[in-house]
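S.K.: Given next are the chains, with one letter for each unit.
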Amino acid sequence: MTVSQPAAPPKRSPGLWASLPDWVATLLSNPRAMAGLLILLALVLVAVFAPQIAPYQPDRIVARRDLPPSSEHVLGTTSLGQDVFSQMVFGTRISLAVGFATGTLVVLIAMTIGITSGLVGGRVDNVVSMIVNVVLVIPQLPLIIVIASWARNTGPITIILVLAATGWAFGARVLRAQALALRNSEHITSARLIGEPIWRIVFFEMLPSMISLVAAAWIGAVIFAILSQAALEFIGLGDPAVVSWGTILYWAQNNTALISGRWWTFVPPGLAIATVGLALTLINYSIDEITNPRLRRIRIPKDAMRKPESRPREEPSEQGGLVQIRGLNVDYWTATGPVRAADNVSFDIRPNEVFGLAGESGCGKSTVAYAISRLHFPPAIISGGRIFVDGQDVLAIPDKQLNKFRWDAVSMVFQSAMNSLNPVITIGEQFVDVIQAHRDMDRKAALERGRELLEMVELDPDLIDSYPHQLSGGMRQRVVIAIALALNPKLLIMDEPTTALDVVVERQILQRVKVLQREFGFSILFITHDLSLLIEFSDRIGIMYAGELVEVAPAKALYTDPQHPYTRLLMNAFPSIHDDRTGRYGIEGTPPDLRTPPTGCRFHPRCDVAIAGLCEVVVPPVVSTGDRLARCHLLSEEYAERAVK
Amino acid sequence: MNYLLRRLGFYLIAALLAIVINFFLPRMMAGDPVDVMLAGFDTSSLTPEAIDQLREAFGFIDAPLPEQFATYVSNLLKGNFGVSVARYPTKVVDILGVALRWTLLMTGTALILTFSVGVLLGIQAAWKRGGFVDTYVLPFGAIMGAIPYFWVALIALYVFALQLGWFPLGRAEASGIPADWTNPNYVMGVVYHLALPVLTLLIAGFRSWMMGMRNNMVAVIAQDYITMAIAKGLPDRRIKYQYAARNAILPSLTGFALALGFLLGGSLLTEVVFSYPGVGLTLLNAVNTRDYPVMQGIFLILTLMVLLANFIADSLYILLDPRTRS
Ligand code: SF4
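If you read the sequences in order, they're chains X and Z.
If you count the first sequence from 1, position 161 lands on 163 in the numbering used here, and the numbers rise without skipping.
If you count the second sequence from 1, position 237 lands on 1645 in the numbering used here, and the numbers rise without skipping.
What the hints contain is simulated information worked out from the structure, not anything from laboratory work.
It is possible that part of the hints are untrue.
Unchecked claim - Here are the simulated DSS-like pairs of lysine-lysine, each with C-alpha atoms no more than 25 Å apart in a straight line:
(1) X:Lys304 with Z:Lys1536
(2) X:Lys558 with X:Lys446
(3) X:Lys558 with X:Lys516
(4) X:Lys402 with Z:Lys1536
(5) Z:Lys1499 with Z:Lys1486
(6) X:Lys492 with X:Lys402
(7) X:Lys516 with X:Lys492
(8) X:Lys406 with Z:Lys1536
(9) X:Lys304 with X:Lys446
Said to hold, decoys possible - Chain X is faced by these chain Z residues, among others (derived, beta-carbon under 8 Å):
(10) Arg1579
(11) Ala1582
(12) Ser1583
(13) Met1636
(14) Gly1673
(15) Leu1676
Stated by the list, open to error - Short derived list, chain X residues pointing at chain Z, Cβ under 10 Å:
(16) Arg66
(17) Asn128
(18) Met132
(19) Ile140
(20) Val148
(21) Ile149
(22) Val244
(23) Gly248
(24) Leu251
(25) Gly272
(26) Ile275
(27) Trp409
(28) Ser413
(29) Val415
(30) His471
(31) Ser474
Since the structure is predicted, the reported quantities are computational estimates derived from the model, not experimental observations.
We put the CB at the ideal spot given by N, CA and C, even for glycine.
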């Protein structure tokens, strides 16, 4: 589990202006962005009120030449005797104006080209993106210099035009990619279908979702423009009569200010440029964080992060299973606090058993599986409970020894066969590394073992030299299973291992796994939302709902006599063939938001036999009878007694 | 292979575009190099024929545009980039020859350094979220990205060369030692003169690699194969480099062109600040004397070199990504 989840695409088109406040509010609540905006505002004010702020005219000779800073001339004087501070103040005008104007022009060009190309697609898009790439590959500064030098008059306007002509490509590429991604989104497709004009689609459907990218592109372009302007003026391609930060540097360089140690002429302009850059970078940084949730950081209080090994050790119960899970809690920390994804989960997996775990997506079944291998990383935290595997207190293993424990006792087959293998190294390497990490075996022997394992999962052992992309999805999943069995683990976790595969391949693979399980005698934790598959394949089954385990029973008993109303509904909503890959069952309603789970029984809003006045108030007890247990008021003795009366 | 051929085609198109720009710019603007050259002189002594001859020397023949273009391209193919205006009749190629070597040395060294340092820091920043690199080096890099390269160079020169005297004030070779690459003293002198400019380029330029690598790493770390690698109990180092970085570096190579362009621009200006006798300094002189043929020659040669470097990066990509090979 990683620190973040991809942002959900906007569900409806919010319209350009309606979407702004939300986005801006997020930005403004970010202290870094706020600091950036304030600095920028201050500089704009300096530019606007330059005549009031500057003590002298910038180009007037007001004192002796090359005076060091004094109370009279805060930043000294130039080699002509002009006041450097006044030049700096007035220079703000030109430098900011060129920066903002170029930035705006660049973004307009980039938007027009990028969005049109991404939206229209097809051959136009191919040609445009090639042109964009060609422009990007040509080194920019030499190009700018050549163009600028031919344009005889290089005042600010020329500089703006030249920079816009050379700087648009990067923004165009970014915006095109986004437009391309949006093009296929639902509401754009439907808008095109009902024949909305292109400009309406662009302005009312696409721009709102791209506004943060556009802002980032603008900021990037402004930085580019201010830096390039300074560079051009520095080497003498600007109009030296115009007072800007770049020309101050130019004159400093020309009058050998550096060698003579007159730092006051060349340090301030650079600092000023750096300040603008800093302000813009701060804003961009924050926009980045807003648009790329992976970069967002979530603060987790220290005491929630306490190391599991600091807990007192405990012994597993004698007659329990191979795996004993006791009162397991897993929290996902969000910006608004922890969300409990697995709540007080307890069950056993016996030796040699296939234990199935089912439930709708988001119910916490994978969360439990990840906890057994200690694969939760902040912001997911195992906040309570115990897990024993073969007598070992898993949550008490110190971090340093975790690597020894993983895969050796518990191995795992992940949901997407396609992405579980490292695409850039061979299958063989991926056997060798895991074997050598755990066993004292040389490379040759490890490869031999790899071939053997491939044969075990009915693959050609020569595949050992291939790369993952050369195999089909089913073959890749077999490879993953082979890797999972490499160390003869006690428990094999299979987390929706066949979701991406077709039914026939799925069957074959599962049958093979079952054969191997009997042969080698390991246990399996099998997770799926496909209940029919689960019943066929498992010995015992647990059903989870909204982070809680609501029923555990032997597979047959669960099938013939489901006790929990949720299980019963799941059974009735059985997809006739297990082709339901969407993770949804035909049960009314949706799983609850775990940030605010329903009171009483979490299932009560969807339960068709809920007892009014009880289920929405009182948390149902866990009732165990013989080999099974369920969490429902209907099964409790108290209720039965009351019902009798 | 198919992939490489496609890239090659792409670079040919890019080169063609650069040539077209080079050809049309002077023809679009008012005046040609000869006007510039003769601007300050009394031309009454020159016959019109002489002036035309001069024009021809610069490639401005009296012919329809397509024919001019053909002549221009065929000259280029022969390695003829024209003659300098300011130092007429020295060939542009001759002026660039020596300078190009110094620029290659500086940019090449800086490229290798910024790339390795930036990529390593990017890996570290993404791997240890909230660690030192993530918390301090990353924002530092972000700020450096908004400061002009040449200003960093100015400050470095002022502080470390002028004030502290740790480095020479400019030039590329130690004075008094004849140019001889087998003489260790000479090589030491070259290294000594190269050190500060390259260090400033490193300080100002490592960030573009670092940011890119960090973002790629963050994306890769979210992939299932990383989770599986952790579940496999592999040593941290192996996951970090063989699983995460090895995949994250691929997009970095695709972004090579952009980063190299920035670096090249930076090193041209750095040369100016350090009076380093490379193409940047030549370019500055050409700008000051309005020596268009030299400017254009520099633009074209630099473009071709950048394209070549990109092609090398693409070949590297093939070595690193088995998926492009099939
Ligand atoms: S406790 Fe009540 S609401 Fe919950 S499942 Fe049982 S009957 Fe339904």
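S.K.: All the hints need checking, so say for each whether the structure fits it.
M.R.: Hints versus structure:
1. X:Lys304 with Z:Lys1536: holds, 17 Å
2. X:Lys558 with X:Lys446: violated, 46 Å
3. X:Lys558 with X:Lys516: Holds, because 17 Å separates the two Cα atoms, which is no more than 25 Å.
4. X:Lys402 with Z:Lys1536: Since the Cα atoms of X:Lys402 and Z:Lys1536 sit roughly 16 Å apart, the hinted pair holds (cutoff 25 Å).
5. Z:Lys1499 with Z:Lys1486: holds, 13 Å
6. X:Lys492 with X:Lys402: Within the cut-off at roughly 21 Å; holds.
7. X:Lys516 with X:Lys492: holds, 14 Å
8. X:Lys406 with Z:Lys1536: holds, 22 Å
9. X:Lys304 with X:Lys446: Not satisfied, since the Cα-Cα distance of roughly 46 Å exceeds 25 Å.
10. Arg1579: Hint violated; Z:Arg1579 Cβ to chain X Cβ min 13 Å, cut 8 Å.
11. Ala1582: Check failed: Cβ of Z:Ala1582 comes no nearer than 19 Å to chain X, outside 8 Å.
12. Ser1583: violated, 17 Å
13. Met1636: holds, 5 Å
14. Gly1673: holds, 3 Å
15. Leu1676: Cβ of Z:Leu1676 sits 6 Å from chain X, so the hint holds.
16. Arg66: violated, 23 Å
17. Asn128: violated, 12 Å
18. Met132: It holds, given that the least Cβ distance between X:Met132 and chain Z is near 7 Å, below 10 Å.
19. Ile140: Where the cut-off is 10 Å and the nearest Cβ of chain Z is about 5 Å from X:Ile140, the hint holds.
20. Val148: holds, 5 Å
21. Ile149: Holds, because the Cβ-Cβ distance from X:Ile149 to chain Z comes to roughly 7 Å (cut-off 10 Å).
22. Val244: Nearest chain Z Cβ about 17 Å off; hint violated.
23. Gly248: Hint holds; X:Gly248 Cβ to chain Z Cβ min 9 Å, cut 10 Å.
24. Leu251: holds, 7 Å
25. Gly272: Holds, about 4 Å.
26. Ile275: holds, 6 Å
27. Trp409: holds, 5 Å
28. Ser413: At about 7 Å, which falls below the 10 Å cut-off, the nearest Cβ of chain Z leaves the hint on X:Ser413 intact, so it holds.
29. Val415: holds, 9 Å
30. His471: Hint holds; X:His471 Cβ to chain Z Cβ min 5 Å, cut 10 Å.
31. Ser474: violated, 14 Å
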